[in-house]
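Line by line, the protein sequences are chains A and B. Once you know that position 57 of the first sequence is 57 in my numbering, the rest is easy, because the numbers rise by one and skip nothing. Once you know that position 12 of the second sequence is 12 in my numbering, the rest is easy, because the numbers rise by one and skip nothing.
None of these hints come from the bench; they were simulated from the model. Values in this document were obtained by computation on a predicted structure and should not be read as measured data. Accuracy of the hints is not assured; some may be wrong.
Once the Cα atoms are required to be at most 20 angstroms apart in a straight line, the calculated EDC-like pairs of lysine to aspartate or glutamate come out as [said to hold, decoys possible]:
1. A:K55 - A:E30
2. B:K49 - A:E103
3. B:K49 - B:E20
4. B:K101 - A:E30
5. B:K101 - A:E62
6. B:K101 - A:D51
7. B:K101 - A:D59
8. B:K101 - A:E17
9. B:K101 - A:E103
Here's a subset of chain A near chain B, in silico, CB distances under 7 angstroms, partners left out [to be verified]:
10. G40
11. L43
12. G102
13. F106
For glycine and all other residues, C-beta sits at the position ideal for the given N, C-alpha and C.
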Amino acid sequence: DVKVTQSSRYLVKRTGEKVFLECVQDMDHENMFWYRQDPGLGLRLIYFSYDVKMKEKGDIPEGYSVSREKKERFSLILESASTNQTSMYLCASSHQSAGNTGELFFGEGSRLTVL
Amino acid sequence: AQSVTQPDIHITVSEGASLELRCNYSYGATPYLFWYVQSPGQGLQLLLKYFSGDTLVQGIKGFEAEFKRSQSSFNLRKPSVHWSDAAEYFCAVGADSSASKIIFGSGTRLSIRP
Numbered sequence: 001d002v003k004v005t006q007s008s009r010y011l012v013k014r015t016g017e018k019v020f021l022e023c024v025q026d027m028d029h030e031n032m033f034w035y036r037q038d039p040g041l042g043l044r045l046i047y048f049s050y051d052v053k054m055k056e057k058g059d060i061p062e063g064y065s066v067s068r069e070k071k072e073r074f075s076l077i078l079e080s081a082s083t084n085q086t087s088m089y090l091c092a093s094s095h096q097s098a099g100n101t102g103e104l105f106f107g108e109g110s111r112l113t114v115l
Numbered sequence: 001a002q003s004v005t006q007p008d009i010h011i012t013v014s015e016g017a018s019l020e021l022r023c024n025y026s027y028g029a030t031p032y033l034f035w036y037v038q039s040p041g042q043g044l045q046l047l048l049k050y051f052s053g054d055t056l057v058q059g060i061k062g063f064e065a066e067f068k069r070s071q072s073s074f075n076l077r078k079p080s081v082h083w084s085d086a087a088e089y090f091c092a093v094g095a096d097s098s099a100s101k102i103i104f105g106s107g108t109r110l111s112i113r114p
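In isolation and in its complexed conformation, chain A is listed as follows (with noise of 0.2 angstroms):
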């Protein structure tokens, strides 16, 4: 069964820490994302990676930053963490080519309170 797999499922830290956030998948995916859900305001976009090392800003980037050394791994970065980012972060991945149909696999989300 394909898997996107999400290290935290919660996670408690301090205004000020570093935080990583880790995502794994196993499906071989080209494309890798990072989303922030809040109520009220759906899903919006991070980082965005098409490719190992290339990186591309979402909607919402300013506050995060993004790692992807290997294919199957895409961190998210919060260098020093703020309250505003007490949220539920979301990542996917999907498939790059001609036949691709746009779908998202989901990991099960991180949910990340800053204190």
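Here the structure of chain A is known, so what remains is to put chain B in place on it, guided by the hints.
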């Protein structure tokens, strides 16, 4: 730029009743349209999608959706809901199949009355 509106924040229906969740989009050309479901504590799962062709699309779990260009709508329907359908439902619209250009609606939370 495309946008998507889900006008209903929360809907409650009785088990066995029919369901329709509304989705309106804004986009100049024929959009790529999706419905995803998020069960409590889970990630999102694709229910169905529309790219072209037949405007009535069938999805998993007995759901269907109809693309109506004249109304800029892509409403999700199910003839008889089950308690396990309680979840949050997201409509999404894209300019193409590239997920970098997919915009999600704010979601509709569905509760089922026993």
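Verification of the supplied hints:
1. Taking the CA atoms of A:K55 and A:E30, the gap is about 12 angstroms. The hint holds against a cut of 20 angstroms.
2. For the hint linking B:K49 to A:E103, the alpha-carbon distance of about 8 angstroms falls within 20 angstroms, and the restraint holds.
3. About 16 angstroms separates the Cα atoms of B:K49 and B:E20, which keeps this hinted pair within 20 angstroms; it holds.
4. Taking the CA atoms of B:K101 and A:E30, the gap is about 16 angstroms. The hint holds against a cut of 20 angstroms.
5. In summary, the hint linking B:K101 to A:E62 is supported, as the alpha carbons are separated by about 18 angstroms, within the 20 angstroms threshold.
6. Note on B:K101 and A:D51: the hinted pairing holds, with a Cα-Cα distance of about 17 angstroms set against a maximum of 20 angstroms.
7. Taking the CA atoms of B:K101 and A:D59, the gap is near 10 angstroms; set against the 20 angstroms cutoff, the hint holds.
8. The suggested pairing of B:K101 with A:E17 is violated, with an alpha-carbon distance near 31 angstroms, which exceeds 20 angstroms.
9. Note on B:K101 and A:E103: the hinted pairing holds, with a Cα-Cα distance of about 12 angstroms set against a maximum of 20 angstroms.
10. For A:G40, the shortest C-beta to C-beta distance to chain B is roughly 5 angstroms, which falls under 7 angstroms, so the interface hint holds.
11. At a threshold of 7 angstroms, the smallest CB-CB gap from A:L43 to chain B is about 4 angstroms, leaving the interface hint in force.
12. With its C-beta approaching chain B no nearer than about 3 angstroms, A:G102 sits inside the 7 angstroms limit, and its interface hint holds.
13. Hint status for A:F106: holds, given a least beta-carbon distance of 3 angstroms to chain B, under 7 angstroms.
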